[in-house]
Amino acid sequence: MKEEELEKAKKVIGDESQFIHGDTAVAYGALLAGCRFFGGYPITPASEIAETMAEILPKVGGKYIQMEDELGSIASVIGSSWAGAKAMTATSGPGLSLMQENIGFAHMSETPLVLADVQRSGPSTGQPTLGAQGDIMQTRYGSHGDFAAITLSPNNIQETLDYTIRAFNLAEKYRTPVFLMLSADLGHMREMVKIPKEVNTFERKQPKVAPEDYVPFGKGEYGKEKVPEFGVFGDGYHTYVTGLTHDEQGFPATDDQEDHDNLIRRQVEKILDDREELTDVEKRNLDDADVALLSYGITSRSAMGALKKGREEGKNLGYLRLKTLWPFPIKEIKELSKNVDNIVVAEMNLGQIYHKVVEHADCEVRLADKIGGEVHSPDEILAEV
Amino acid sequence: MEEKEEKRKVEMISAAEIRDKYLRDEMMPHIFCTGCGIGNVLDYTLWAMEKEGLDMDKTVFLSGIGCSSRLPGYIDVDSLHTTHGRALAFATGVKITNPELNVVVFTGDGDCMGIGGNHFIHACRRNIDMTVIAVNNYIYGMTGGQVAPTTPEGDYATTAPHGNIEPPFNMSEMAISSGATYVARWGVKRPNQPINSIQEALQNKGMSFIEMMSPCTTAYSRQNRMGAIEEFWDWYEDKTILAEDYEKIEKFGSEDERETLQDKIKIGVLHQEEKKSLSERLQALIEEVHV
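As you go down the protein sequences, you meet chains U and Z in turn.
Heads up: the first sequence is residues 13 to 397, going by this note's numbering.
Heads up: the second sequence is residues 1122 to 1412, going by this note's numbering.
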């Protein structure tokens, strides 16, 4: 991003230190990352992201639009991305369910975008104002067919802002939708945040070849090999973008097993090949731990409380926080399970990440589940130790 | 205005030249059935673009799902073949992100008025500067002839084997009442009026909606025992009336003459007005609050 664009964004955001909630932090992070389009639809507890974007985007020349529904908001974001903007939307569980159709389209068409999901209890309308972690599997398996997701899960407001920037960078780097997971508690909780002075942004690679030599869905010529360059609409590349299975030129190839296999495997591998590079975990007290407390998002703050309390009581506890949920950090879990007797997974659902841990751990795995909109107390996690 | 007149006088190039200039060779042969009207709609659109002299590097086609939605693939241009009914929402994002792009959407009656109905009325309400060409064949063609929101009452479809019991939507009236600023309906039988009309639609700074009545020989006429394509052409001839003739009869006709209007479908330019487009409104907002 150009220096003057960043300066403009910082000017609009205002004070360098601010006491803001998670939803506002998403909007600020997006502006700093260079996001210049937001297509949204009101939904509790994510509406403040849209409200903040409606306020600040036009001030930097960006475009905000409230669409007629979530189907339309994610569609407008994909359209905007092809017209060259860094684009995002924000929603909560019910909206995420509605967006699944075009999330699949974004995977298939390799469209960079960011989706902030401020989770609330479900299924259906559930508990609109109360937090949950029920959408983790939805970001990974929600749309039909095969694809790999990138899903990030911050646990405080500064990290929410920083991870929004990271989400945009990953979306642009891998040409893929990236999910940023909050929950009602994180979205509406206030903490002090420092607006970063310097921001490293990643701009999508655009083709350098003549239009007739451009292969929009083939190999990347520079940058990452499995991520093709992105020819922005209006730049003369004449790209045909379809949700149908397509060949490297983008043309429908719906009857050929090999075309489909090549396309989808490349799309999955472009992300999973970098599983370890994308993995981001926080570790505490694991060296001598017998039991590891594994958590993510808002729940990890209770897990931290449980760690401290348990240690004070003489229990050999350790702490592992997943900051990247997808791709799943397989290596970290395997290593962890060799060094502890068991792992306690704490999450605000009846077991989602738990199942992935069971799949890859070589030790006993227990679940400290909680639903109903309340964050775990440290004791509720310790009860499973 | 003078410039526009000038463009209209451009000599028409041959059909072969149009094909070479605008279509993708590598996509041929096309998927359309014998007697289908979608090819005509594409033809008229390309002629209109040629007359208008659109820069194809700055033109984006979008579509949803259905027979007509396969059209952008044949044109050598940036295009998004999106999900069922959602093309107008994608187009909204494209257009307001880069207002310099000419945005054209191909859709069908099921895509636009069935699954995409909500996006359609809101795109009209916002008066987004784009041209929407809806191929109305009164049926779900690609999936094999199921009843559509536009299927006339009593007509047959695979999912209306006893005849359609529901009243149909009038797409153009819906566009007008939702806020589109250029609305026209034509049959595919005659080329000149639709070509000129699509050109006017491209020129309109706002939401332009063109409804093209188009035969589906495979799924519609077979089930409704219309036989050869000629019967379809006759049906159009009998059923349609120019909007200006309709109004004349409505105002000055005898009671008997007015009675005949009951079963008629109006064709022609049905609505035209000047209103600010969404892009203009957004630009004004940005100028007002920009730091």
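The set of hints was computed from the structure by calculation and includes no laboratory data.
Computed from a predicted model, the values in this text were never measured in an experiment.
It cannot be assumed that every hint is accurate.
Stated by the list, open to error - For lysine to aspartate or glutamate, the following DMTMM-like pairs were computed, each having C-alpha atoms within a straight-line distance of at most 25 Å:
1. Z/LYS1179 <-> U/GLU15
2. Z/LYS1179 <-> U/GLU224
3. U/LYS206 <-> U/GLU15
4. Z/LYS1397 <-> U/GLU15
5. U/LYS231 <-> Z/GLU1408
6. U/LYS20 <-> Z/ASP1197
7. Z/LYS1396 <-> U/GLU80
As the list claims (entries may be wrong) - Quick list of the computed label-pair ranges, beta carbon to beta carbon:
8. Z/ARG1246 <-> U/LYS346: 33 to 41 Å
9. U/GLU347 <-> Z/ASP1176: 19 to 27 Å
10. Z/LYS1142 <-> U/GLU371: 27 to 35 Å
11. U/ASP267 <-> Z/ASP1355: 33 to 41 Å
12. Z/SER1298 <-> U/SER29: 38 to 46 Å
Even glycine gets a Cβ: it sits at the ideal position worked out from N, Cα and C.
Please list, smallest to largest, the hint numbers that this structure does not respect.
Violated hints (numbers, rising): 1, 4, 5, 6, 8, 9, 10 and 12; every other hint is consistent with the structure.
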